[in-house]
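Here the sequence shown is numbered in the working numbering, starting from 1 and rising by one per residue.
Calculated directly from the structure, the hints in this document are not laboratory data. Certain hints may be false.
[As the list claims (entries may be wrong)] Listed below are the simulated EDC-like cross-link pairs for lysine to aspartate or glutamate, each with C-alpha atoms no more than 20 Å apart in a straight line: (1) 198 - 132; (2) 145 - 173; (3) 54 - 154; (4) 198 - 179; (5) 187 - 125.
[As the list claims (entries may be wrong)] Cβ pair distances, simulated, as ranges: (6) 7 - 88: 45 to 53 Å; (7) 116 - 34: 28 to 36 Å; (8) 54 - 198: 42 to 50 Å; (9) 33 - 150: 13 to 21 Å.
Nothing here was measured: the structure is a model prediction, and the numbers come from that model. Think of the CB as a built atom: it goes at the ideal place given N, C-alpha and C, for glycine as much as any other residue.
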Amino acid sequence: MGVFLALLAVAGLVFWETAGRSNLLMDLVVVAGTDIRAGAIVRADMLTSVLIPKDGVIEGGFPAGREDEIVGRRTAWPVSARQQISADIFASEDEYMSRGQSFFVIPAEWIAMRSSALRRGDTVEIASALGDRAGFGRYRLAFVKDMDDLEVRDMLPSGELLAGAPGLRERTDANAVIDHVEIIATKAAYEEIRAYAKNALEPSLLLIRREE
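Start from the sequences, fold in the hints, and give me the full structure.
Written as structure tokens, this is what we have:
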């Protein structure tokens, strides 16, 4: 009986490690198999599936087996390899970028203040830190990046990257420290910001998160 119980325990452990854990705690979801640029038409060979913890599945994501709902659609945002695919990636580009707009960098040396909670998709008001003008308007963030030009993203308690930005109060654990951001703007608007920052000769811009 003792030998039987020991074998049963070993069998249960093997089952848990090989199938039980993934069935109870993990979900198989669709992620990008490679970097996908904004405006690309998604092909089947750009996608793959991975197991992730259930609490890491983003809202609007696609479970494995629903790749046919993704293939053939055009991305409105760049997608990094291993990032979960979600429905908002395919939102109309007109919602994010109007005619004449593009991505422009706000480097770290221009920024006097910004929140560590900023993430891609947030809206920020760019204002002067020197108090000599009203401001430059509001812009959507296309990217928030670290010193190595890698995107700053949130992490799960387990240390795994969370592809979708969580609520503001949950943005407490990031994979890196923010260095610079990229905004969606017209060339004329960016040149105004750039000229002001260059002439200031010191960090002169406030990046203030606002509701959309």
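- Task: Confirm or reject the claim that residue 116 and residue 34 have a C-beta distance inside 28 to 36 Å.
- Result: 30 Å Cβ-Cβ, so the 28 to 36 Å window holds.
- Regarding the pair residue 54 and residue 154, is the alpha-carbon distance no greater than 20 Å? Given pair residue 54, residue 154 holds - Cα atoms ~16 Å apart, limit 20 Å.
- Taking 13 to 21 Å as the hint, is the beta-carbon distance of residue 33 and residue 150 inside that range? Holds: the Cβ-Cβ distance is about 19 Å, inside 13 to 21 Å.
- Query: Is the hinted pair residue 198 and residue 132 satisfied, with a Cα-Cα distance of at most 20 Å?
  - Reply: Holds: residue 198 and residue 132 sit about 15 Å apart, inside 20 Å.
- Agreement of residue 145 and residue 173 with the hint, judged by alpha carbon distance not exceeding 20 Å: 15 Å, holds
- Query: Straight-line Cα separation of residue 198 and residue 179 no greater than 20 Å?
  - Reply: 18 Å, holds
- Please test the hint of 45 to 53 Å on the beta carbon pair from residue 7 and residue 88. This hint holds: roughly 50 Å between Cβ atoms.
- Message: Hint check: residue 187 vs residue 125, CA-CA at most 20 Å. Holds or violated?
- Response: OK: residue 187 and residue 125 at ~17 Å, within 20 Å.
- Task: Check the following: the C-beta atoms of residue 54 and residue 198 are separated by a distance inside 42 to 50 Å.
- Result: 48 Å, holds
Consistency with the previously given hints is maintained throughout, with no hint failing.
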